[in-house]
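A.B. asks: Below are the chains, spelled out letter by letter.
Number of protein chains: 2
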Amino acid sequence: MTYRELTNQIKQKKSFLAVGLDTDIHKIPAHLRETEDAVFVFNKAIIDATHDLCISYKLNTAFYEVYGSEGWDILKRTIQYIKDTYPDIFVIADAKRGDIGNTSTMYARAVFEGLNADAITLSPYMGRDSIEPFLQFGGKWVILLALTSNEGASDFQFIRDSERQEELFKSVLRTAQTWGSPENMMFVTGATKAEKFKDIRAIAPEHFLLVPGIGSQGGDLQKVIEYGKTKDTGLIVNSSRGIIYASGEKDFAEKAREKALFLQMEMAKYI
Amino acid sequence: MTYRELTNQIKQKKSFLAVGLDTDIHKIPAHLRETEDAVFVFNKAIIDATHDLCISYKLNTAFYEVYGSEGWDILKRTIQYIKDTYPDIFVIADAKRGDIGNTSTMYARAVFEGLNADAITLSPYMGRDSIEPFLQFGGKWVILLALTSNEGASDFQFIRDSERQEELFKSVLRTAQTWGSPENMMFVTGATKAEKFKDIRAIAPEHFLLVPGIGSQGGDLQKVIEYGKTKDTGLIVNSSRGIIYASGEKDFAEKAREKALFLQMEMAKYI
Numbered sequence: 051m052t053y054r055e056l057t058n059q060i061k062q063k064k065s066f067l068a069v070g071l072d073t074d075i076h077k078i079p080a081h082l083r084e085t086e087d088a089v090f091v092f093n094k095a096i097i098d099a100t101h102d103l104c105i106s107y108k109l110n111t112a113f114y115e116v117y118g119s120e121g122w123d124i125l126k127r128t129i130q131y132i133k134d135t136y137p138d139i140f141v142i143a144d145a146k147r148g149d150i151g152n153t154s155t156m157y158a159r160a161v162f163e164g165l166n167a168d169a170i171t172l173s174p175y176m177g178r179d180s181i182e183p184f185l186q187f188g189g190k191w192v193i194l195l196a197l198t199s200n201e202g203a204s205d206f207q208f209i210r211d212s213e214r215q216e217e218l219f220k221s222v223l224r225t226a227q228t229w230g231s232p233e234n235m236m237f238v239t240g241a242t243k244a245e246k247f248k249d250i251r252a253i254a255p256e257h258f259l260l261v262p263g264i265g266s267q268g269g270d271l272q273k274v275i276e277y278g279k280t281k282d283t284g285l286i287v288n289s290s291r292g293i294i295y296a297s298g299e300k301d302f303a304e305k306a307r308e309k310a311l312f313l314q315m316e317m318a319k320y321i
Numbered sequence: 051m052t053y054r055e056l057t058n059q060i061k062q063k064k065s066f067l068a069v070g071l072d073t074d075i076h077k078i079p080a081h082l083r084e085t086e087d088a089v090f091v092f093n094k095a096i097i098d099a100t101h102d103l104c105i106s107y108k109l110n111t112a113f114y115e116v117y118g119s120e121g122w123d124i125l126k127r128t129i130q131y132i133k134d135t136y137p138d139i140f141v142i143a144d145a146k147r148g149d150i151g152n153t154s155t156m157y158a159r160a161v162f163e164g165l166n167a168d169a170i171t172l173s174p175y176m177g178r179d180s181i182e183p184f185l186q187f188g189g190k191w192v193i194l195l196a197l198t199s200n201e202g203a204s205d206f207q208f209i210r211d212s213e214r215q216e217e218l219f220k221s222v223l224r225t226a227q228t229w230g231s232p233e234n235m236m237f238v239t240g241a242t243k244a245e246k247f248k249d250i251r252a253i254a255p256e257h258f259l260l261v262p263g264i265g266s267q268g269g270d271l272q273k274v275i276e277y278g279k280t281k282d283t284g285l286i287v288n289s290s291r292g293i294i295y296a297s298g299e300k301d302f303a304e305k306a307r308e309k310a311l312f313l314q315m316e317m318a319k320y321i
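Same order as they appear, the protein sequences are chains A and B.
First residue of the first sequence? That's 51 in our numbering, and the numbers climb one at a time after it.
First residue of the second sequence? That's 51 in our numbering, and the numbers climb one at a time after it.
Read the hints as simulated data drawn from the structure, not as lab findings.
Errors might be hidden in some of the hints.
A pair counts as met if it fits within one copy or between any two copies, since identical chains are not told apart.
Claimed, not checked - Listed below are the simulated DSSO-like cross-link pairs for lysine-lysine, each with C-alpha atoms no more than 30 Å apart in a straight line:
| no. | residue 1 | residue 2 |
| --- | --- | --- |
| 1 | 273 | 305 |
| 2 | 126 | 77 |
| 3 | 63 | 133 |
| 4 | 94 | 126 |
| 5 | 94 | 309 |
| 6 | 126 | 63 |
On a predicted model such as this, the values are computed, not experimentally measured, just so you know.
Can you make the complete structure from the sequences, with help from the hints?
C.D. replies: As structure tokens, this is what we get:
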């Protein structure tokens with residue numbers, strides 16, 4: 051998917067919402083839990099209920115790997131369902147991979163070809179040659195961790211380099227721009243640190259930012275927009291649990307739609 | 051597996067070799083490529099030919115994910131074969147994962163319970179709460195990336211913190227020791243930077259170090275031992291392609307054994 055296609059979708063839907071399909075069998079409604087292929091059935095219902103309100107689905111691979119080969123198959127079928135039914139939607143494999151060159155090529159093939167995802171999240175720790183193999187795939191995207199939304203972010207991401215005179219997450223933002231462009235690279239920047247978005251935009255004025263942490267992690271949508279939005283929007287804001295577990299009853303898909311609609315309407319004010 | 055069990059195995063076998071089962075269908079011998087379940091058949095042959103010379107198998111998950119759910123199944127069956135047949139052997143899932151708490155728990159269950167691996171490699175970028183969930187699993191190990199063997203290691207791992215007065219990889223070594231102990235945590239330290247092992251041992255004198263990069267990546271075994279060995283050895287040295295692709299002919303398992311034997315005999319001199 052190209053930058054323009056993604057941007058057009060945002061304009062048409064007046065939304066930059068990603069719905070996180072972090073589906074846990076123990077958290078889906080009880081009446082579904084016993085049915086065959088419950089995780090896929092749940093995903094399909096959420097997708098059908100929200101596809102016109104969001105521009106992306108983000109699937110966290112951990113939630114599928116936990117079910118082994120069957121889980122990988124559900125992951126693949128869920129993406130296939132999205133691509134077959136709502137082909138405009140941007141699919142993110144939230145996998146946080148990163149390894150040396152020849153291994154990265156394997157991960158890229160697994161996610162871009164095997165799963166047919168549009169994008170993969172990656173960890174920057176191993177540097178350039180762990181990222182570049184992913185950038186060789188035309189129409190696909192790397193989403194690099196820069197500033198994450200968890201507590202542990204403060205352990206290393208704020209380490210201040212004496213030579214570069216800036217924190218590690220800023221060095222990641224700066225250095226990674228020599229590897230990819232706003233046409234094939236985005237950054238993960240947590241919503242729980244919205245006041246940092248000003249600094250982030252000073253370094254990466256055009257790149258899309260994938261923003262987790264709205265809702266259950268306490269991030270503030272309005273601040274993210276205020277500091278993070280570009281002329282083309284340049285934001286993909288993710289909500290997972292807040293949407294998909296809005297209700298544990300038979301109305302789960304309807305309630306998920308309500309939550310997604312609330313966020314979409316907030317977003318529409320700024321597009 | 052406990053620290054003592056691992057150390058005993060090293061003493062008994064006079065080896066601290068890990069064989070990397072990074073099996074690529076395009077690189078295995080032609081006569082095998084056409085057989086059913088070729089990757090598993092290849093792995094089994096390599097394992098049967100080398101199990102008494104190595105103390106660990108390291109399976110890089112990318113090489114299995116590339117085959118989708120079938121690949122995940124081969125990964126699982128390979129580990130099951132090792133555990134059923136040679137139960138003393140330490141199995142590493144080289145997955146380089148790392149995500150926020152609840153997701154990390156899913157990854158831990160996928161790898162420690164689903165795959166029954168003894169250890170997983172993790173990226174430190176997201177900090178404490180991305181690592182600690184893995185440390186909750188008794189008898190299981192975290193192997194944290196500190197100093198990797200690839201070129202891109204220099205992009206961020208040597209960033210020098212002005213306050214801590216040391217490079218990022220040293221901060222990782224130091225900080226991570228407040229999360230886990232030498233009984234449940236190891237570090238990845240690349241053999242291509244053997245001269246750094248002195249610094250590493252000054253910070254982490256007891257922890258096991260997992261050392262990739264011997265052989266195809268040009269690392270020097272002797273230097274690694276000289277600077278990295280502890281009284282309990284404290285090293286797991288990995289070789290992947292140099293062993294498993296020693297021959298592309300029918301004698302591939304025999305040649306793999308020869309390569310493994312060569313490394314084991316080198317190692318025996320120091321145990």
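A.B. asks: Hint by hint, where does the structure go against what was stated? Just the numbers, ascending.
C.D. replies: Nothing - there is no hint that the structure violates, so all of them hold.
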